[in-house]
Amino acid sequence: DTGVSQNPRHKITKRGQNVTFRCDPISEHNRLYWYRQTLGQGPEFLTYFQNEAQLEKSRLLSDRFSAERPKGSFSTLEIQRTEQGDSAMYLCASSFPKTGTGGVQETQYFGPGTRLLVL
Amino acid sequence: ILNVEQSPQSLHVQEGDSTNFTCSFPSSNFYALHWYRWETAKSPEALFVMTLNGDEKKKGRISATLNTKEGYSYLYIKGSQPEDSATYLCASLPPGAGSYQLTFGKGTKLSVIP
Numbered sequence: 001d002t003g004v005s006q007n008p009r010h011k012i013t014k015r016g017q018n019v020t021f022r023c024d025p026i027s028e029h030n031r032l033y034w035y036r037q038t039l040g041q042g043p044e045f046l047t048y049f050q051n052e053a054q055l056e057k058s059r060l061l062s063d064r065f066s067a068e069r070p071k072g073s074f075s076t077l078e079i080q081r082t083e084q085g086d087s088a089m090y091l092c093a094s095s096f097p098k099t100g101t102g103g104v105q106e107t108q109y110f111g112p113g114t115r116l117l118v119l
Numbered sequence: 001i002l003n004v005e006q007s008p009q010s011l012h013v014q015e016g017d018s019t020n021f022t023c024s025f026p027s028s029n030f031y032a033l034h035w036y037r038w039e040t041a042k043s044p045e046a047l048f049v050m051t052l053n054g055d056e057k058k059k060g061r062i063s064a065t066l067n068t069k070e071g072y073s074y075l076y077i078k079g080s081q082p083e084d085s086a087t088y089l090c091a092s093l094p095p096g097a098g099s100y101q102l103t104f105g106k107g108t109k110l111s112v113i114p
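Chains A and B, in that order, are what the protein sequence lines are.
Mapped onto this note's numbering, the consecutive letters of the first sequence carry residue numbers 1 to 119.
Mapped onto this note's numbering, the consecutive letters of the second sequence carry residue numbers 1 to 114.
Because the hints were derived from the structure by calculation, they are not lab data.
Among the clues, some could well be false.
[Claimed, not checked] Chain A side only, calculated, beta carbon under 8 angstroms to chain B, not exhaustive: (1) Gly3; (2) Pro8; (3) Gln41; (4) Phe45; (5) Tyr48; (6) Gly72; (7) Thr107; (8) Phe110; (9) Pro112.
Built from N, CA and C at the ideal position, the CB exists for glycine as well.
The shape of chain A in the complex, shown without the other chains (with noise of 0.2 angstroms):
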C-alpha cells in the first residue's frame, strides 16, 4: 500500500491553457474524490466517483472543469481555458467501504495534492 500518488506536483501553466491532473487511489479503494483548497481556506468537495461513476459533483466543478474515472482506477481531473482563479492546491482522496456503517466511518486517505499556479 503506497498510498494515493498526484502527479504532477506542481503546475504552472498561462490563462487559457489547459491542464490534467492525474491521482492514483490506493488500490482496491472503489471510491475517489477530488477536493480544492485555495489560500486560507479548507479544503472545498469537487466531485466523487464510485468505481468509475461518477456520483457527486459540486456547483464549484463549472463546465471548465471535467473529472474521469476509467475502468474505476485512476482519475484525471482536467480544467479547460484556466483562470487566475482556478490557482489552489487540488487534492485527491480515495476511501473503501467500511461493512456495516454504511459508508458513515469511512476514512478518506488524502494525496499530496497538485499545487496549480494560473500566471
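Use these hints to put chain B onto chain A, whose structure you have.
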C-alpha cells in the same frame, strides 16, 4: 452554525506544553466528524472519524472528544513536540444516503517551539 468553524486559527506553544483546539459544526446536520493532520508538503493524515455523542478517541498523545448535541469537537495534544507542528483540519459529513462530501473547516495551524 452553517459551516464548519475551527478556532483558534493558529497558535504557538512551547515544547512539552499541552494544547487543545475546537471544531464547531452544524449539530442539526451531522453524520460524522473527521480530524486530519496536514504537515507542509505532505498528504493530510487521517487522525479520527467520530460519530457518536460523547465519543472519545485517542492516538498516542492526541485525543479527541465529540459533542453532537451542541455541535463541537475538541482535539487535545498532550506534551506537544516539534513534530506535532502542522495544520489540524476537521471536517463534517452531513447525513444523506450516498453522500460522502466532507465539509472542512479552515484549520488550526499549530507551531511547537523547541
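Hints and how they fare:
1. The criterion of a C-beta within 8 angstroms of any C-beta in chain B is met by glycine 3 of chain A, whose closest approach is roughly 7 angstroms, and the hint holds.
2. Interface hint at proline 8 of chain A: violated, since its Cβ lies 14 angstroms from the closest Cβ of chain B, which is beyond the 8 angstroms cut-off.
3. The beta carbon of glutamine 41 of chain A comes within 6 angstroms of a beta carbon in chain B, closer than 8 angstroms, and the hint placing it at the interface holds.
4. The criterion of a C-beta within 8 angstroms of any C-beta in chain B is met by phenylalanine 45 of chain A, whose closest approach is roughly 4 angstroms, and the hint holds.
5. Interface hint at tyrosine 48 of chain A: satisfied, since its Cβ lies 6 angstroms from the closest Cβ of chain B, which is below the 8 angstroms cut-off.
6. Violation of the interface hint for glycine 72 of chain A is found here, the shortest Cβ-Cβ separation to chain B being roughly 16 angstroms, above the 8 angstroms cut-off.
7. Because the smallest distance between the Cβ of threonine 107 of chain A and any Cβ of chain B comes to about 5 angstroms, under 8 angstroms, the interface hint for this residue holds.
8. The interface hint given for phenylalanine 110 of chain A holds, since its Cβ lies 4 angstroms from the closest Cβ of chain B, which is under the 8 angstroms cut-off.
9. Below 8 angstroms, beta-carbon pairs count as interface contacts, and proline 112 of chain A has one with chain B at about 5 angstroms; its hint therefore holds.
Violated hints, in rising order: 2 and 6; the structure is consistent with all others.
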